Structures are given as structure tokens and as C-alpha cells.
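So the protein lines, in turn, are chains A and B.
Be aware that the first sequence starts at 0, since it is given in numbering that gives the first Met the number 0, and climbs by one per residue.
Be aware that the second sequence starts at 0, since it is given in numbering that gives the first Met the number 0, and climbs by one per residue.
Hint data in this document are derived by calculation from the structure and do not stem from the laboratory.
Hints are not guaranteed to be accurate.
[Said to hold, decoys possible] Derived DEER-like restraints, expressed as beta-carbon distance ranges:
no., chain 1, residue 1, chain 2, residue 2, range
1, B, Thr239, A, Ala55, 49 to 57 Å
2, B, His390, A, Asn60, 25 to 33 Å
3, B, Leu500, A, Lys16, 33 to 41 Å
4, A, Ile299, B, Ile50, 28 to 36 Å
5, A, Ile299, B, Leu310, 29 to 37 Å
6, A, Leu40, B, Ile50, 27 to 35 Å
7, A, Thr24, B, Ser22, 27 to 35 Å
8, A, Met121, B, Leu64, 51 to 59 Å
9, B, Thr239, A, Val56, 19 to 27 Å
10, A, Thr24, B, Pro29, 23 to 31 Å
11, A, Thr24, B, Leu324, 49 to 57 Å
[As the list claims (entries may be wrong)] On the chain A side, residues computed to face chain B include the following (Cβ under 7 Å):
no., residue
12, Ala30
13, Ser31
14, Met34
15, Gly35
16, Leu38
17, Gly49
18, Val56
19, Asn282
20, Gly288
[To be verified] Where chain A lies over chain B, by a calculated footprint (3+ residues, C-beta under 8 Å):
no., segment
21, 193 to 206
22, 502 to 513
Given the structure is predicted, the values throughout are model-derived calculations rather than measurements.
We put the CB at the ideal spot given by N, CA and C, even for glycine.
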Amino acid sequence: MGKKHSSDGAGHAEHPKWMQHHFDTPSQQFASSKMGMWLFLATEVLLFAGLFCAYAVYRANHMEMFVFGHQFLDVKWGAINTCVLLFSSLTAAWSVRAAQVGQKTLMIVLLFLTMCCGGGFMAIKYVEYSHKIHDGLLWGTQYKPTGHAAEVIHGEEAHAAGDLGGAHGRVDAGHTEAEQVAAIEAAHGAKAAGDAKAAGDAHTAGDAHAAGDGNATTAAPPAEAGAMHATELPADVLAIDAAERSATQPAAIGPRGLVPVAETDAAHAEAGGHHWEGPIPDNVHIFFGIYFGMTGLHGIHVLIGMIILGWLIYRALKNDFSPEYFTPVDLGVLYWHLVDLIWIFLFPLLYLIG
Amino acid sequence: MNVTDTSITPADLGGYASREAESENFLSYPKGILSWLVTLDHKRIGILYLICILTAFFIGGMFALLIRTELLTPGPTIVDADTYNQLFTLHGAIMIFLFIIPGIPAALGNFALPLMLGAKDVAFPRLNLTSWYLWLIGAAFTVFSLVNGGADTGWTFYTPYSTQTDGAIISITMGVFILGFSSILTGLNFLVTIHRLRPPGMTWFKMPLFLWAIYGTAIMQVLATPVIGITMLLLIVERTLGFGIFDPALGGDPVLFQHFFWFYSHPAVYIMILPALGIMSEIFSVFSRKHIFGYKFIAFSSIVLAILSFLVWGHHMFPSGQSQLANFVFSALTFTVSIPTAIKMFNWLATMYKGEIVLKTPMLYALSFMFLFGIGGLTGLFLGALAVDIHLHDTYFVVAHFHYVMFGGTVIAFLAGLHYWWPKVFGRMYNETLGRIGAAIIFVGFNMTFLSQFVMGSQGMPRRYYNYLDEYTIYHHISTGGSYLMAVGFFLIAGYLLHSLLKGKRAPANPWGGNTLEWHVPSPPPYYNFKEAPRVGDPYDFSEIHWDERIEGYVFRKAEGSA
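Produce the complete structure using the sequences and hints provided.
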């Protein structure tokens, strides 16, 4: 099969310099490159899939970590970043169009704008990360809430919630724990706690509005109704349909951290716009681990994308591209779209929970 | 290439037309070490890979001999327990990540794929070279862990032990991460090559079955390997930054690591075996002088295996505490794997039936493959059964099963392929008698080594143990003896293959009478593969291929020429 030569129309038999010898036609070369890029993007998706999978597993098993943790993320910055990346995808796609019709200057400007958007995204990410680092809201062993975040987590009004700091995130404040145990026992009518003393303990440990409630008999789970005291159930528990609550009841005897531990004993934190009612969940650092894992890997991809865009601008300035040959622009922009797309999933999954 | 006239030239017999033309063969053009290190020729990259993976195989094999020697007696024999743990970890990691995963696709596949397809090269030659350099870097990281304290986790790197143990876990996992990149680039390259670089006439169902197998392998390489990448990255941040996702002390889930690991590593064992099955499809047909039986079934069974590989990872984790339902589903799916595998086995049997079987070295390996892989596959059913697995889990039964599939399957097929394509790659014939003796020694040594492990495993000998009860001594003796016998066999093979490079008889273009396109070009092939796009026919039609005494090889000739 004879070589079909490029459409530069000059009639000379030499193939263009961008044409590789083992391809027969430019369109075969273009189709091969594009398919290779799509396959590469598939591997990128699967690389992130591991983290999405970890997200799904922990969120399914420990929804409360995510509900509690996400309130420390700044939706405003996240939304702005989403807009920045969406805009960058527009300029990126437009630059391919400009390459196709040979508008070199426009293509370079658009690629540059795209790169600036990437820079803006990283700048905002820097602001967000700085806040998290300042507040000690990090992963695993580094999770040491300080300052503002600590107020929310072990806030004055919520001293009963216990200390969540430190690697293990265990509730370890002595007397607080004792109160909690009493409250659990009372609330769930355990035999040992069925007497008035235990109920009283729970009462003192609980806060005012829980104690003020008076509609317990209908709300109590049928199995334990006999041992139940009216005053132990807080309003928000009562608001739940009785059948649904009874279905969740067995979790109360499960391990710590899964349990809606003693609603009466809940932390009510309200500081700087953060509002939290209910127990502080264990192991919130897992949420921040997943947050930093996903956004960190994504951030690395943004940086790589910016390098690719810079390289495209460099080659465009060297006049390497033409309406006949713009494969690198097309592929680089495909990569940029993937980076954008992953953020489109990350934003709602991390910032817009609950 | 078909010759009907009577004036025969060397070119008509499949060789180079002249001395001058012969200097165009890919081994000698262009010249110089540097031209090899920056080569973009898929055939040369295949040879670079071949040298590297054989080196890795040698190192891994030395570790295996040390392990077997240590296990010759209960208690300490030659090394202490910690060293022993490092030995089996590095044996596993080197054999799997450095030798057997790239073994057939990247070495033999790189050489054969474009030739069999009728293409001038793979789609992305520079990416191909990059993947070889990535292999070197990954290998350097892996070997660095050897001198930097070693790793003692086993090749599976299970958390939480791997996040706590002292030892060079980070460098070895980084090595695995980089080797994964290398594997992805190879797979990606092959997928695009098969899709986009087929010459006119090379339709999907005219492709040799080896290419179907490589295609299925490449799908798995591209889709599974990124998952081990992120898993290794998470393990590294777990160790360095205290990430907590896999650490139960931090509320993390170590079983999640096992899921991630096996989501890659089960497809990975199919990445190892599927190209081996492809080599078998070529050899059984060529050496039975008979058209392959059930072409489409074999072709599609490769794709089915690639798909099923993603659905059975949980059978490595039956006792891990995953749900009963998951166990049940994974067990059932595991049994379905036997269907595409059995399709291949029975089709090869049917291919041999009433064929003119030629017992040359590659065919001897193919026959021993059928026997050994048969045992390996059937014992897999034992392990896939939930109740039996509780008894056999983490015993030598698993070790024996794995080696029957991976060694008896893949390594034997690799040897078969190496002997099959050796004359094409280097243009030299090896000593056939020594080849047959080598195949026999490997077969006997292998069965001594691993059949005894089935017995001790079913009697409860746990895998990876340094010490054992006296009653297992006899099986360990047999096993160690077998491993020494295999070592003798491998040194014999290495000896006659190296000898053939220097003193071997010149190989004809088609020593075995194959009809896939690589046998239509001279041995070794010219650097440009094909001057013009080759004429594509049925790759398993042997009716126009005849033995020619003058060159001691086969030539392509229409029926009226001879016979």
C-alpha cells in the first residue's frame, strides 16, 4: 500500500516531519494517538478509582465521619474552584478548535488562559490546605485539631463529647466517658441501668432540651419499651419514625463510634458558622485522609496538566502545529478535561455531604 | 513469497537474497551498543527485555534454591528466620513483578506481535522503549530494597504488618509502582497496535491466536494495573505519613487493602498465564501439522478470561471475614473460570487428534504444559470450593497450585515460546537433542519439587513457615531435590542456547513450518520487517508449506510444486 501523503499539497514526495515512518497515513497516526490517549485516560480513572472506592467503603460504613468532617471544608472556595476549572475546560476546548482552523494566536492565548486557571485553582487549594494545616485537620496520625477547629470539636458547650484529638480519636476524657456510659445504658434500657439512679445520671449528663421532652412511650422501641424512661430521649430522636429507630437500635450495642452515642450527651457546637448537634464521631481523621488523598492526587494531576499546557504553548510558539497536525493539542486538552472531570466528582462528594 | 517457477534463489527459500541484504537484519543494523540503548525497533526492545527478565529469573531462581535448601531440615539449616522471610519475599516479588508479568508479553510479545500482525512496528515505539527503561528503574528500586534491609512481608505486602515492619518496604513498593507503569505502557501499546496497525486483509479472525491472547492480556494490563498503583501509593503514605486508611489502630480497614491488592493481583496472574495459553495455541497447531481446532472458541475464550479475571479476586480472601454472600458469589464465579480454560485445553487436544505430531523441543514443552497446567487448573477448583479452602488456605497446597499454574503453565510456555522463536530471533538453531533432554529434566524436576508440596499441604504444612514437624521432612527432601534437578536443567538450557548464539547452525526462515507472518520473513528479520504490506492468509493453513532438504527448513509452495 502506497503512502498517502499529507495534505500540505506541495506535491513533493517527502512525508511531513511529524509523520512517523511506521504509519501509512496521517489519519492512521492520528487515530492511533487518540486511542492511546483514551486508554491512558482509562488508566487514570482507575488510579483514582482506588480512592473513590475507599471513599465509598468508609462513607457507607461510617456516614457520620463524613457528615461531621465535611463541615470543615469551605464550600465557597470549592464552588469557586469548580467554576474556575469549568471555565478552563471551555478555554481548553476552544483552543483545539483554534488549532483546527489555524488561528495560532488565539490558540496560544486560550492555552495560556487554561494554564492560568490551573494556577488559580492551585492557589485556592493552597489557601484551603493552609487552613486545614493551621487547624490541624489532617489525616491519620497528623490529626490534631487546634484553635478554631478544636473549639468546634471539643467546644466549651460540648465538653461532654470528650477529646477527639490524637491518633486514635478515642473518647478518653474520664468523667465524660462515665457519663456517656450511663447515658447509653439508660437510653437503651439495659437491665443494669434500668433503675432510677442511672436514669438520673443520664439526665444530669444530658443537656436541657433533651430533658424537657415528654413523649417517650410512643417513641420507645417496642422491645425495650418496658425499661424505657420517658425523659431519656431527646427531641431529635423522637422525631424519627418509631419503626426506623427500632431498626437501627442494635447498632447501639455495637462498637463505639458507630453508635449514635447518647443523644442526650451530644456535643452542641456552634462556633464560627460551624454547627454540630449530636455526638462527635470517632476517627474523623479518616475523612480528612480521604480528602487529602483525593484532592492531593488531583492537585498533582493539575500540576502535570499545567506542565503539559506549557509544553503545548512552547511548541505552538515554535510553529509546530497546523490545521493538518494538531494531535498534541488535542491529546493534551483531553488530559486537561479528565483533570477537570475528576474535580467535578470530587467537589460534591467531599464538600456537599448531608 | 510463493514460488512456482523452477529457478530457486535464496530469497525464494525465505532467506536473504544476498550477503548485502543480510546486513539489513535487525541484529546488525544499525551497529553499536548505543544504537541498542536508544533503539525504537520492537524486535531489539524485545531482546533487551529478554536479557533483563532472564537476569531477574536467575536472581529469583537463586532465592528459590536458598529457600529450598533452608527447608531441607526442620529448624535452622543455612539462614536465620528473618533472612528466610526476606528470601521468600524477594523470590516472590522478583519472580512476579520482574520476570513473569513482563516475561511473555514484553519480551516474546514485543518481538513477535508486530511481525505476526504484519506491521512495521508497534504503534508507539518511543513509549515502548520508555517502558523498558521504566522496568530498569523499577528493578533498581526492588533490588535496592534487597541491600537496604530487605522486605519480609511476602510479595502480598499485607497491612498492617507491612506498615509496621522494619525493612525497605517503601523502596520495594515504589519499585512495584514503577513496574506497573512499565506494564501499562506495554499493554496500551499492544492494544493500539492491534486495533490500528493491522495491514489490509488482516481481519480480526485472521489474527494468530497468540495475538488474541496478547490482546486479552493487554486489556488486563491497562485496566487492572492502575489499581495496584494507587494501592502501593496508599501503602507508602501509610508508612511515611501515618495515613490511617489501612491501619486498624487508627480506625482503618486492613481488609480493604486485601481487596485492592487482589483486585489487581488476580488479573495479574491472568496477565501471566493468558499469553502462555496463546503460545500453546501456536505450537500445538504447527507441531501437529494440522489446522487449529475451534479457532473462534479459543479466540473468544481469551477475551472471556480477561473479563472473568476482574470478577474473582475475592477467592483469595475466603477466610478474611468478608460476607458469606461475597464468599458464595466469588466461589461460584471462580468455577466459571474453568469453562474458557477447558475450551482451550480440549481444542488443543482436538488439534492434536489425527495430526502428524512432531516431537521437537517446543512441542515437548507444550505437552508438559498440558499435563502440568491441567493439574494446576484442577487443583484450583479445590481452592475455589469454600469448605475445602478453609482447610487448604495458606498451606503448601496453595504454593503447589500456584507453582503448577505459574511455573508449570507460564514458565514452561515461556520456554516453549523461547525455543519456538529462538531461530527467528537470533537466526541460529540450538542443539535439538540437548533441548529435548533439558525439557525432560525440567519436567521431572518440577514434578518432584511441587507434587510433594501438594501432599504436605493437604496434610497441613503451612506456607511461609521456617520450621516444621519431623513428619514433613521426607516431602521437603523430595521437593528440595527436585529444585536442584531443575537448576541443573536450567543451566543446561542456558548453556546450549548461549552456545547456539556463537556456534549454532544458521536457521532457515521457517524451521518449524509455521504459517503466521513472522515465518514469511528471513531469520533474523530485516529491521524494517516487511518491505511491503504482507499478503495475509489463514495462519493455520499448512497445505502450501513443504519441507525442503536444501535448507533443512520449510518453504512456501503451491501444491503442484512438490508433494
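So, going through the hints one by one against the coordinates:
1. B:Thr239 with A:Ala55: 49 to 57 Å: 25 Å, violated
2. B:His390 with A:Asn60: 25 to 33 Å: 31 Å, holds
3. B:Leu500 with A:Lys16: 33 to 41 Å: 39 Å, holds
4. A:Ile299 with B:Ile50: 28 to 36 Å: Given about 34 Å between the Cβ atoms, the range holds.
5. A:Ile299 with B:Leu310: 29 to 37 Å: 31 Å Cβ-Cβ, so the 29 to 37 Å window holds.
6. A:Leu40 with B:Ile50: 27 to 35 Å: This hint holds: roughly 33 Å between Cβ atoms.
7. A:Thr24 with B:Ser22: 27 to 35 Å: 30 Å, holds
8. A:Met121 with B:Leu64: 51 to 59 Å: 52 Å, holds
9. B:Thr239 with A:Val56: 19 to 27 Å: 23 Å, holds
10. A:Thr24 with B:Pro29: 23 to 31 Å: 27 Å, holds
11. A:Thr24 with B:Leu324: 49 to 57 Å: 53 Å, holds
12. Ala30: Given a least distance of 6 Å, the restraint on Ala30 of chain A holds.
13. Ser31: Where the cut-off is 7 Å and the nearest Cβ of chain B is about 4 Å from Ser31 of chain A, the hint holds.
14. Met34: With a closest approach of 5 Å, the Met34 of chain A hint holds.
15. Gly35: 5 Å, holds
16. Leu38: 5 Å, holds
17. Gly49: 3 Å, holds
18. Val56: 6 Å, holds
19. Asn282: It holds, given that the least Cβ distance between Asn282 of chain A and chain B is near 3 Å, below 7 Å.
20. Gly288: At 5 Å from the nearest chain B Cβ, Gly288 of chain A passes the 7 Å test, so the hint holds.
21. 193 to 206: Coverage by chain A holds for the segment 193 to 206 of chain B (5 residues, Cβ < 8 Å).
22. 502 to 513: violated (count 0)
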